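A.B. asks: With chain U's structure known, arrange chain D on it following the hints.
Number of protein chains: 2
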Amino acid sequence: MLESLKMIDKHVKSWMEEVRVKVIASFNDNLDIKTKSGPKDLVTNIDREVEEFYKEKIRKYYPGSEIIGEESTHGTMKFKNCGLLWVIDPIDGTMNFVKQKNHFASMLAVYQKGVGVRGYIFDVMQDKLYWGGPDIGVYCNQKKIEPPRNDKLSNGLFGVGAPLLINNYHNLQKVALESCGTRIYGCSGIQFIHVLNGQCVAYISYLRPWDYAAGKVLAETLGLVVKTIDGQAIDMLSSSDVLVATKNAQKDITRIVQSTY
Amino acid sequence: MLESLKMIDKHVKSWMEEVRVKVIASFNDNLDIKTKSGPKDLVTNIDREVEEFYKEKIRKYYPGSEIIGEESTHGTMKFKNCGLLWVIDPIDGTMNFVKQKNHFASMLAVYQKGVGVRGYIFDVMQDKLYWGGPDIGVYCNQKKIEPPRNDKLSNGLFGVGAPLLINNYHNLQKVALESCGTRIYGCSGIQFIHVLNGQCVAYISYLRPWDYAAGKVLAETLGLVVKTIDGQAIDMLSSSDVLVATKNAQKDITRIVQSTY
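Keeping their order, the protein sequence lines are chains U and D.
Note that this note's numbering numbers the first sequence so that position 15 is 17, with each residue one more than the last.
Note that this note's numbering numbers the second sequence so that position 120 is 122, with each residue one more than the last.
Among these hints, one or two may not hold up.
No copy is singled out in the list; a pair is fine if it fits within one copy or between any two copies.
Each computed DSSO-like pair below joins lysine-lysine, with the alpha-carbon atoms no more than 27 Å apart [stated by the list, open to error]:
hint, residue 1, residue 2
1, Lys-154, Lys-36
2, Lys-229, Lys-36
3, Lys-145, Lys-130
4, Lys-24, Lys-130
5, Lys-59, Lys-12
6, Lys-12, Lys-62
7, Lys-145, Lys-24
8, Lys-249, Lys-42
9, Lys-130, Lys-103
10, Lys-154, Lys-103
11, Lys-115, Lys-103
12, Lys-59, Lys-38
13, Lys-145, Lys-103
14, Lys-57, Lys-103
15, Lys-115, Lys-8
16, Lys-62, Lys-24
17, Lys-176, Lys-36
18, Lys-36, Lys-12
19, Lys-154, Lys-42
20, Lys-8, Lys-42
Simulated from the structure, these hints should not be mistaken for lab results.
The structure presented is a predicted model; accordingly, all values stated were derived computationally and were not measured.
So that you can see chain U by itself, here it is in the shape it has in the complex (with noise of 0.2 Å):
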């Protein structure tokens, strides 16, 4: 099992390379950009392309793996609970990637039996890949990630889903007035990141399972709390607000999300 995963973080680092190479040489070309959901919610052909390159690497490698992908799952999602499943977010932050060629991800988790085994969050841009798990703790690059310090919310950036702060959903203003600032990046993998590397104590968004997949992986390796808004366990296979924090800051967003109630 572990020789798998060593050999899992080996080819999923050179899978990112070639991916990195692909969306770089893009900026050059016209992209095909279609809306999904809303005016919004962009897809474009880099997406589906690194989605579906990620999916033969998987197949040809991994043959029997189950996959979940941003670009290409609808319905319902199940565990079949055998094996490994992988979850595929192409290009996290579509919209930066379009309009600012910068601030987005790429990224893959890991499950095994249910459980979540790797992470990898890549910051293209920056070159810098987030990556880890349980057994071997959590690495930007080679170089070994320490947990941040439990800083509780009053101590640090806050960090989150435009829509839900300016519609005020659980009472998120009074949060982010509690923060010594908030914080809109517009990609989930970039904000995971500030939350693993103490640049923010917290992130909240509403989030699918390609959104948060890797960050869980890698946030719950380093200590840190992913949970629904409201302090539930995370049903890995629904789309909900998930909080990603330090134990303190949770406790003070809880405290104020639950004032309202």
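C.D. replies: For chain D alone, coordinates are given in the frame of chain U:
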């Protein structure tokens, strides 16, 4: 005059290289952090040391200059309208500097007889200096920047200061919802850069002179609009809600802001 601006460019670039070394070295030391107007308004020994460093250099090489600095200017500011005026923001985004060790800028602007002739915004951790003026255009390090496309609000990302958005000042939540997405980075220098290079179509925040002096020179050089939120010219020595935007996004934003009056 052109010759002296070339000399200023050369000087500022070398000063900023020294600043980068100082700043990165400071990550190994304990910062001396104090609050100014409130718990979210920080100043560190590095802010003060970098400002003093710039002032010493300016006094040495450009004696007789007027100097406005974030950490040393108090009370009323007046143009004397003679010679050079330097505006210093030693560390813009001090909260990011302290909490993230990233996403902050060091900025200088040079005005001559009341006219902006040079702006310098240095993204320290990316080692990218955005600099230039009306006579030469705008550069990122050695590479000339083309003016960004004149996109409308609904076709671009919208940068904003968190308090303005949370409190819905000027109807800015509607502006946010009409854009492709909202971005909050907590550093006016970095957010000006995003508008300069077309990553965002607009940025609005409550800014003080040192927050926008450099960005205003660069943005106007590229044909972008820099005005108060209600479309007035900016008095260079006052603090106000400043908008930098493409011409089309500025029109869209003015329409939404004025629809509340």
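A.B. asks: Hint by hint, note whether the structure agrees.
C.D. replies: Now for the hints, and whether the structure bears them out:
no.	hint	result
1	Lys-154 x Lys-36	between (41 Å within a copy, 19 Å between copies)
2	Lys-229 x Lys-36	neither (32 Å within a copy, 34 Å between copies)
3	Lys-145 x Lys-130	both (10 Å within a copy, 24 Å between copies)
4	Lys-24 x Lys-130	both (16 Å within a copy, 24 Å between copies)
5	Lys-59 x Lys-12	within (13 Å within a copy, 51 Å between copies)
6	Lys-12 x Lys-62	within (15 Å within a copy, 55 Å between copies)
7	Lys-145 x Lys-24	both (25 Å within a copy, 24 Å between copies)
8	Lys-249 x Lys-42	between (33 Å within a copy, 22 Å between copies)
9	Lys-130 x Lys-103	both (16 Å within a copy, 16 Å between copies)
10	Lys-154 x Lys-103	between (33 Å within a copy, 19 Å between copies)
11	Lys-115 x Lys-103	neither (37 Å within a copy, 39 Å between copies)
12	Lys-59 x Lys-38	within (26 Å within a copy, 55 Å between copies)
13	Lys-145 x Lys-103	both (26 Å within a copy, 17 Å between copies)
14	Lys-57 x Lys-103	within (24 Å within a copy, 37 Å between copies)
15	Lys-115 x Lys-8	within (18 Å within a copy, 65 Å between copies)
16	Lys-62 x Lys-24	within (20 Å within a copy, 50 Å between copies)
17	Lys-176 x Lys-36	between (36 Å within a copy, 24 Å between copies)
18	Lys-36 x Lys-12	neither (33 Å within a copy, 46 Å between copies)
19	Lys-154 x Lys-42	between (33 Å within a copy, 15 Å between copies)
20	Lys-8 x Lys-42	neither (38 Å within a copy, 44 Å between copies)
Taken one by one, the earlier hints fail for this structure at numbers 2, 11, 18 and 20, listed in ascending order.
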